[in-house]
Amino acid sequence: MMKNYILYFRPSWLLFLAVIFIGFSACEIDEIEDPNGPSLSGVINNASRSDLQLVVTGTESLLRKEINFYYFTSGIVGRDVYLFTSADPRYTGELLGRDQSVLDNAGFYGTRPYSGRYATVKNTNVLLEAVANNANRLSLTTAEVNGYNGFAHAIQAYEMLMALNLQFLNGIRVDVADPFNLGLFLTYEESLAALAGILATASNELANAGADFPFTLSSGFAGFDTPATFRQFVKGLEARIAIYQGNKTAAASFLGESFLDVAGDLYAGPFRPYSTASGELVNEVFRVPNQSEALVAHPSYTEDIEAGDDRISKVAPRDTLKLDDLTATYDCIVYPSLSAPIWLIRNEELILIRAEARIGSNNAGATEDLNVIRQAHGLGDYSGATDDASLIDEMLKQRRFSLYAEGHRWVDMRRYGRLSQLPIDRVDDDVWQEMPRPVTEDE
Amino acid sequence: MKKTRLWLLFVIITYGGWVNAQFMASGTITDIDGNPIVGATVIIKGTNIGTVSNLDGNYQLDIPTQSALLEFSYLGYSTTTFSVAPGEDIANVVLSEDVTRMEEVVISGLATSVKRSNLANSVESISASELTGITVPTNTQAALYGKFKGVNISANSGAPGGGMSFKLRGTTSISGSSQPLFIIDGIWLDNSSIPAGLNIVSKAQGGGGTSNQDNPSNRLADIDPYDIEKIEVLKGASAAAIYGSRAAGGVVIITTKKGKSGKTVVRLSQSIGFTNMLRPQGVRQWTEERVLGSNFASSIDLYRSAVANDQLHDYEDELFGNTGSMYNTRLSISGGSDRTQFFIGGTYKDEEGIVQNTGFSKQAARINLNHKLNDKIDLAVSTNYVHSSSDRGFFNNDNSGTTMGVSLTSTPSFAQISADENGNFPNNDFAASNFLETAAKITNNEDINRFIGGGSVSAKLFTAERQDLKVIINGGIDYYTLNTTAIFPNSLQFQSNGNGLNGVSIQAFTKNLNTNISAFLLYSLYGANGLSSRTQFGISQADFDRNTILGEASNLIGSQTNLDQSGTRDITQTRLIQHDKGFFVQEELNYQDKFIATIGLRGDKSSNNGDVNKLYYYPKASLAVNLHEIMNNAIDQFSLLKLRVAYGQSGNFANFGSKYTSFVSGIIDANPGIEVDDLLGNSNVAPERQTELEFGFDVGALQNRLLFDFTYYIKSVDDLLLEADIPWSSGFISVVTNAASLENKGFEIGVDYQVIQTKDLQWNTRLSWWTNTAKVTELLVPSFTTGGFADFLGQFRIKEGHSPTEIIGVGGTPDEDGLTVFGDAEPDFQMSWMNTLTWKRFDLSFLFHWKSGGEAINLSTLLFDLGGTTHDYDDIDLDPDKLMGNGPYRVSQIGVNSDVMIEDASYLRLREIGLYYTFPDKVLGDIGLKLGFSGTNLINVFSYNSYDPEVSNFGSDGLSSQVEVNPFPSSKRFDFHIMAEF
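So the protein lines, in turn, are chains S and C. Residues in the first sequence are numbered consecutively from 105, following this note's numbering. Residues in the second sequence are numbered consecutively from 35, following this note's numbering.
For reference, chain S alone in the conformation it holds in the complex (with noise of 0.2 Å):
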């Protein structure tokens, strides 16, 4: 006889099992903070001042986000240079308009500068907003709260110069602020009328922003740093934006605000600073002369220079390269180090834009604005006529050299409609007017 079940264990024993099952399943799951950094949330509703300086110098940093590609970009397309690279196809193809290729509103060349112009300003509009959110419970001053928006719609506008830049009649948007709701695409002329708007604001507000902004910047804009001596800054952008709408007039008055210093050191002026120090970023429009790699020299650049002008000095002869049936004989060497800064704006420009709005209502002024850039390097006084049309032909030639490599020439001979003056080097080649809209832009 045999009882035909046996428990093993007492009861008391199954109830433990059982409240251990109940309790180990019942018990909730933490929320867990994102490990790998701030969030969006917690600057925009819960800033501190310290957290505000972060977004400043961010903002700052983000300056630099792919800016490398919009050099590359202007650059090749405006036929500064060329980047020779086994690594991609598309600097000597898509970008030159090689044989029936295109481009791809998809390709990196026109999407990354584009994308990081508008990453600055997205930290911009998170300063807006934290400040905006927070300014009682921090108990910042009109003055500090001006300060920080001065800073904040002064780069937003200048960013987004940038993207209109690439995207000429494609137009932009400027109204950004919330990712869900984007304003519509803006046409060029509004694009521009809008930016203008947004640095008339930034040039009020740090008129109203005290003696110290309360926030530092960092070597970049050393000299710069101060509300009245960072708005020098914004009346340069305004004039660089009223020259572009073709407004002489406009331009002239914001110069006379700016930093334009005639005698001054032509590269004065803001700039994103660039180290090989830890953490620091690196130019990456830096290539090393002489290797197979390179940012070369457009060949017209030398040709085209007038004999004794230093600005020969913006590039190096090299071994002679050949890729993709180009030939290249001189490096570019505007960026001559990994640490190089890039400017903003500077003296040389402001110098030359108001050569330009002299043009038409006081040509001796223009002359006399181009002649200080000549003699600056090493050349005689202009001596060609002095009409309109020859003063526009003789101020492009100056900017193409003093502002060689630096995104300029693409855009100088699109405004006065020159595109199919610039050199073709293979019989199929074309010269692109703007990149295509991004593809995530499609309406």
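Hints are computed from structural coordinates only; laboratory data are not their basis. One or more of the hints may lead you astray.
[Said to hold, decoys possible] With the Cβ distance kept under 10 Å, some of the chain S side facing chain C (calculated, not the full set):
#1 277
#2 278
#3 543
[What the hints assert, rightly or not] Some chain S residues well away from chain C (every beta-carbon gap over 12 Å; in silico):
#4 141
#5 194
#6 241
#7 243
#8 287
#9 323
#10 408
#11 488
#12 524
We treat Cβ as the ideally placed atom computed from N, Cα and C, and that holds for glycine.
Put chain C on the given structure of chain S with help from the hints.
Showing chain C alone in chain S's frame:
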């Protein structure tokens, strides 16, 4: 849950009765050769009354009834029944090996398994002999090729140490992982691929950060295939629903070897082999005319002097021509008493690659213990320590001309870049780097120390004649530290004289800890009417914690490699933390092996979801009908006729971090700033949900010597997570959203046939055929392209109504998106043919694997064309006008027509072949000795114009396989074996 518990208690209390032992049955259980089988199970059919055979194969069993049908079973042997009655109480049985595997037990729940003949799913499994019996797999994943229907395994490159991606029944995710969950002895295994941070040198991903183009290995490579007893693959949600939120990619369940009671067996094996390049392409053959007509015209003097001095090089051979030697030593000791069994395994492996200074070495040890504490409690422990080290070279995409593969593309055969007599390398004037120097000087090593350990306790709480209740608790940890070291000394061409960063040392340390624990109650009831049931309820918890610290140092001081011996340092830390909890309940019903039904439900919550405490439910249900049992085996021709249908759901988590919108840091003048990241997070993110319906039938004829199985499945995935493009003017690049659905449909057909079964000659063959087609059924965002570099270079397109793996490009006849479909990464079908032939003492096994159709994006050839060095540069067969050489023609098509880059990736391979001879016992007394030869990938037929159509520049992420940019080429291998057993 509470109801279940009460119901269990109710059953325990009410079930009872008294019976008498009527008589005792006894006998001996042996195999065909007369050897006793130790540990075979004897039960009275339809009850849980039973025992196991002892060390001599003997058993005794009290029978409570007047007569009984005894059922004898043992793993790997066919089950047999025998009637006993008083006076006829001696039952000696002979068990024959189960070649058909219908008796094999297959997992059916988290705490249960079921005989294959009663299974309602198509769950595939392979045993140790199929895994490692033919040849030496370089790692576990390489041993799985072509052995499972419906499973697409693809090597990402040929680099030593592996790097493979799996797709089980098609693509199951677009932005997330399609990789299956790996579970070894109940331990949730980490199978990450952690990049080494090479981007700072290769610039493969433009703006910095660690890119997945680093070609890392995946961590399954650590598992020693020789430790494995069995691998089961749950291919879709209908089988994998029991694993819930992590199972959408399928589940691969690995069971390691256990000791067996009886004599201690020592097995020692040694293999020695070599490896070389699978498919050399050759190099462009130069003539004076060709040099002058190329970008190398100015180097014509160099060409002339190279010809004059007989210095034309085959640089492909100089880079990839190393014949790598391979050693593999394996020792295992197993045995035990009837209470305690042990298995000890050790492996020492050292394999060289086909590129100088590359290779893979591994030392692994395993101890598995099983112990019966008493009649009620069983304990099992499995422990595994692995150290592996792989040197992977420097390959794949780059944007700096520095990887060896890219540098090779622009170096003509008349370049002189070999080292001089002092070992100094000249600069390669034709590329940014001298790949021979790079191969000689760089380090790119992954070094891992890993401990995987787990254990389980199974205790009977209650037992009765026809019922029992067990509790099973198991848990495991998977802990490793991975140290990746990439050193680019400042004497390299691309790190000296102002090039590069003047020497780079990149060192990453990853600590990964996975822990999981689960507990189950399992109640079995064997009804008197032939209806038996098993009820299980369980809870589980899994935690994941990974921390990677990546240090990048450049401007190295002299030849120093420590991170602090540098001018510039950068450090990045990446953490991944996840907590999951869930429960599982399942009911299995079996009516006389005629109808077998299962219904179950899993509920999961996770910190990775937007709502961390929301339970997501995954149901399953299945039914198998054994017609041959219903008809009492009335049809002689058919020994098996089974219809089956199964349904289930499972999930797939968003990539870690998808719920957050974060800032990243940016430094300027040593001051930190914060920058909004590219990805707009989604605080409502939910898992992807897969629903699978599978049905099929199994037919066995000729006493199961011929088995045929057919399965059709429909697998749909909803709430697919996309890192969908968002207008970039928002400041973000992409946004995480559950915004798409896709559907996979496919067939799987298998035939197993024991063609010849005579004393001297046995031939078993297995033919498998499978196909899958996929379609995006819903897409809430505009169609987009992904997974490549640019549309004109070939990309994948996600578009409603189209295959998610279709490859598009420009040119041809564009559709409404302005794009043309040039192919699809998905093969038309795959087929494998496995054979084992035994003739007297010789064993011959071989496995053919045919993948038909499917395209790949070949950008290697394009880069060779741009460099002007392609092997077929001057052949004229692509240009329709027959004017241009292939090289110039392909270049002329860049941006015009992507067709030339998108190539058929079909292949036929002899994956494995092995020939062995077993010595007769007498030769060496007690020592069994076996000698053999084996090979891997010895025959390869493909038209793809590069090293291997099986390739992935982007590793195993999402869709991105089948894109090639100058990878580490694949290799073939040959091994000689000697094995001893005593």
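Verify this label for me: residue 241 (chain S) is non-interface relative to chain C, using a Cβ-Cβ cutoff of 12 Å. holds, 19 Å
Beyond 12 Å from each Cβ of chain C, as asserted for residue 141 (chain S): violated, 4 Å
With chain C as the partner, please determine if residue 277 (chain S) meets the hint condition of a C-beta pair closer than 10 Å. holds, 4 Å
Since residue 243 (chain S) was said not to touch the interface, does its Cβ keep a gap of more than 12 Å from each Cβ of chain C? holds, 22 Å
12 Å cut-off, C-beta based - residue 323 (chain S) kept clear of every residue in chain C: violated, 5 Å
Assertion that residue 287 (chain S) lies outside the chain C interface [Cβ separation over 12 Å]: violated, 9 Å
Looking at residue 194 (chain S) again, its CB stays over 12 Å from all of chain C? violated, 7 Å
Taking the shortest Cβ-to-Cβ distance between residue 488 (chain S) and chain C, state whether it exceeds 12 Å. For residue 488 (chain S), whose nearest Cβ neighbour in chain C is about 39 Å away, the distance exceeds 12 Å, so it holds.
Quick check for students: does the CB of residue 408 (chain S) sit more than 12 Å from each CB in chain C? Residue 408 (chain S) is indeed farther than 12 Å from all Cβ atoms of chain C, at 25 Å.
Evaluation of the interface hint that places residue 278 (chain S) against chain C, nearest CB under 10 Å: holds, 9 Å
For residue 524 (chain S), is the shortest CB-to-CB distance to chain C above 12 Å, so the non-interface label stands? holds, 22 Å
Closest C-beta approach of residue 543 (chain S) to chain C relative to 10 Å, hint status: Holds - the Cβ of residue 543 (chain S) comes within 10 Å of chain C, reaching about 7 Å at its closest.
Violated hints for the displayed structure, listed by number in ascending order: 4, 5, 8, 9.
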